[in-house]
Structures are given as structure tokens and as C-alpha cells.
Amino acid sequence: DAGVIQSPRHEVTEMGQEVTLRCKPISGHNSLFWYRQTMMRGLELLIYFNNNVPIDDSGMPEDRFSAKMPNASFSTLKIQPSEPRDSAVYFCASSDDTDTQYFGPGTRLTVL
Amino acid sequence: AQSVTQLGSHVSVSEGALVLLRCNYSSSVPPYLFWYVQYPNQGLQLLLKYTSAATLVKGINGFEAEFKKSETSFHLTKPSAHMSDAAEYFCAVSDGGGGFKTIFGAGTRLFVKA
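Chains as they are written, first to last, in the numbering used here: chain A, 1 to 112; chain B, 1001 to 1114.
Just chain A, with the same shape it has in the complex:
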């Protein structure tokens, strides 16, 4: 199995631009999670989906952030417009019914 795939691995953009992060979960997994990790705030859960349906988006910092999961094999996290304080590493993770989460390699986002 290829594991959780995230793209891009690195993204550098300017303030105000739209950023789209992509995730392909492990085949057969029914839950998908988006996290943000920074030195100051640690690992934060942004949103999670079960069977492609958003279950809890209470961690999404503000309306500039949105996430979709149009099918079982693809999810996006979009930031529009981006701000320097959004700079972080964004992780996608997927899980089956065992509760173990499998993390992707992350996308390092830098907003100038």
C-alpha cells in the first residue's frame, strides 16, 4: 500500500493567494482527518470526515478555511485568502474502524 499521499509537499505563496492542499487516503479507510502543526500550537485537528461526510469542523480556524471530500479517495483543504499566520505543516490522516490513524508526509505551507 502506498500510504496516505499528500500534495504538494511544499508550497510557498504570497498573502492573499488561494492555496489548495490535496490528500489521497489509504484505500478502504472510511475516516479522514486534516491537522495543522506549528511550533506554537502543536498538533491541531481542523476537520474530520466519516464516509465522505464532514463530522466535526469545529477546529477550522475561520471561514477562510474550507475542506471537501467529494469521494472516498480524495480530499482537499483550501485556504482563501491565505495569510502569513497560516504558515504551518498540514497533515492528512486516514483511519479504518480500528481507530489507528495513518498520517501522510505533510505539506509545508509558507505564506509570505
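Hints in this document: simulated from the structure, not taken from any laboratory. None of these values were measured; they are calculated from a predicted model. It is possible that some hints are incorrect.
What the hints assert, rightly or not - Residues from chain A shown here face chain B by an in silico Cβ test under 8 angstroms; the list is partial:
hint, residue
1, 48
2, 53
3, 56
4, 65
5, 67
6, 87
7, 88
8, 91
9, 99
10, 101
11, 105
Said to hold, decoys possible - FRET-style restraints, in silico, Cβ to Cβ:
hint, chain 1, residue 1, chain 2, residue 2, range
12, B, 1070, A, 57, 22 to 28 angstroms
13, A, 17, B, 1053, 30 to 36 angstroms
14, B, 1053, A, 66, 25 to 31 angstroms
15, A, 55, B, 1016, 41 to 47 angstroms
16, A, 80, B, 1083, 41 to 47 angstroms
17, A, 22, B, 1042, 15 to 21 angstroms
For glycine and all other residues, C-beta sits at the position ideal for the given N, C-alpha and C.
Please build the complex by placing chain B on the supplied structure of chain A, with the hints as guidance.
Chain B in isolation, oriented as in the chain A frame:
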């Protein structure tokens, strides 16, 4: 509600010494408990998991953790530290509900001195 507390944001040990990383949890239902490890520039990966079977759980790379219900603890240990163990370690708790929300601790960074 569930929560997890990791005692010590940084732990430093000498190579060959005992590693002990502390984790206490709170859960209203029998919990699933996890330790994940994160190496630099990588995502988290599962080290070991407790799901109400044996209270002593063995994981990868010689790590193990013991579930102590009376102390609500799930401390991670390794008898002899290796330089390659330097990483950040996260304790986590879930309610075993099938992949739903898992609560992660703040993490403990382990330094290993030569």
C-alpha cells in the same frame, strides 16, 4: 469527554539509558490508547496501541507501554535508548468508536545524548 496529558515537553537521556515518557488520560468509557512517533520532517506513525487486551503492550523499536487503570496512566518505556530514538512522541486516546475523533497530547520531544 476525553483528554490526555503528557508530562514534560522535553526529555533528555543518555544513549543506553532508560527512556520513560509519561502520559495520563481521562475517559468516561474504556479507552483505546496510542503512542505515535514523529521523526523530523515526517508524519506521525503508530508506535503501539492498547485496546483492552493485555495491559502491557509491546511496540516497534523495543518500546512498550503499560496501561494502569487505577492511575489512569499509559507511560512509554524503552530499556536502552538509541540515538535513532530522538524524535517527538505523542500519546493519544480515543473511545474505540471506529475511527472517530482521537485526542492527541501536546507531545514530548526526546533528546538522546551520546
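#### Entry: Satisfaction of the hinted span 30 to 36 angstroms by the C-beta atoms belonging to residue 17/A and residue 1053/B
violated (49 angstroms)
### Query
Do residue 1070/B and residue 57/A keep their Cβ atoms within the hinted range of 22 to 28 angstroms?
violated (37 angstroms)
### Task
Please verify that hint: residue 105/A, Cβ, nearest Cβ of chain B, below 8 angstroms or not.
holds (5 angstroms)
### Query
When the nearest CB of chain B is found for residue 91/A, is that gap smaller than 8 angstroms?
holds (6 angstroms)
### Task
May I ask you to test the interface hint for residue 67/A with respect to chain B, counting a Cβ-Cβ separation under 8 angstroms as satisfied?
Since chain B brings no Cβ nearer than about 15 angstroms to residue 67/A, farther than 8 angstroms, the hint is violated.
### When the least beta-carbon distance from residue 56/A to chain B is tested against 8 angstroms, hint result
holds (6 angstroms)
### Query
Can we keep the residue 101/A interface hint, with Cβ of chain B closer than 8 angstroms?
holds (6 angstroms)
#### Entry: Closest C-beta approach of residue 65/A to chain B relative to 8 angstroms, hint status
violated (18 angstroms)
### Query
Do the numbers back the hint for residue 53/A, that is, is its least Cβ distance to chain B under 8 angstroms?
violated (12 angstroms)
### Task
Look at the Cβ atoms of residue 55/A and residue 1016/B and judge whether their distance stays inside 41 to 47 angstroms.
Taking Cβ atoms as reference, residue 55/A and residue 1016/B lie about 45 angstroms apart, which means the hint holds.
### Message
If I claimed the Cβ atoms of residue 22/A and residue 1042/B lie 15 to 21 angstroms apart, would that claim hold in this structure?
### Response
Roughly 18 angstroms apart at Cβ, these two residues keep to the hinted range, so it holds.
### Message
Verify the CB-CB distance for residue 80/A and residue 1083/B against the hinted window 41 to 47 angstroms.
### Response
holds (43 angstroms)
Of the numbered hints given earlier, the model fails hints 2, 4, 5, 6, 7, 12, 13 and 14; all others are met.
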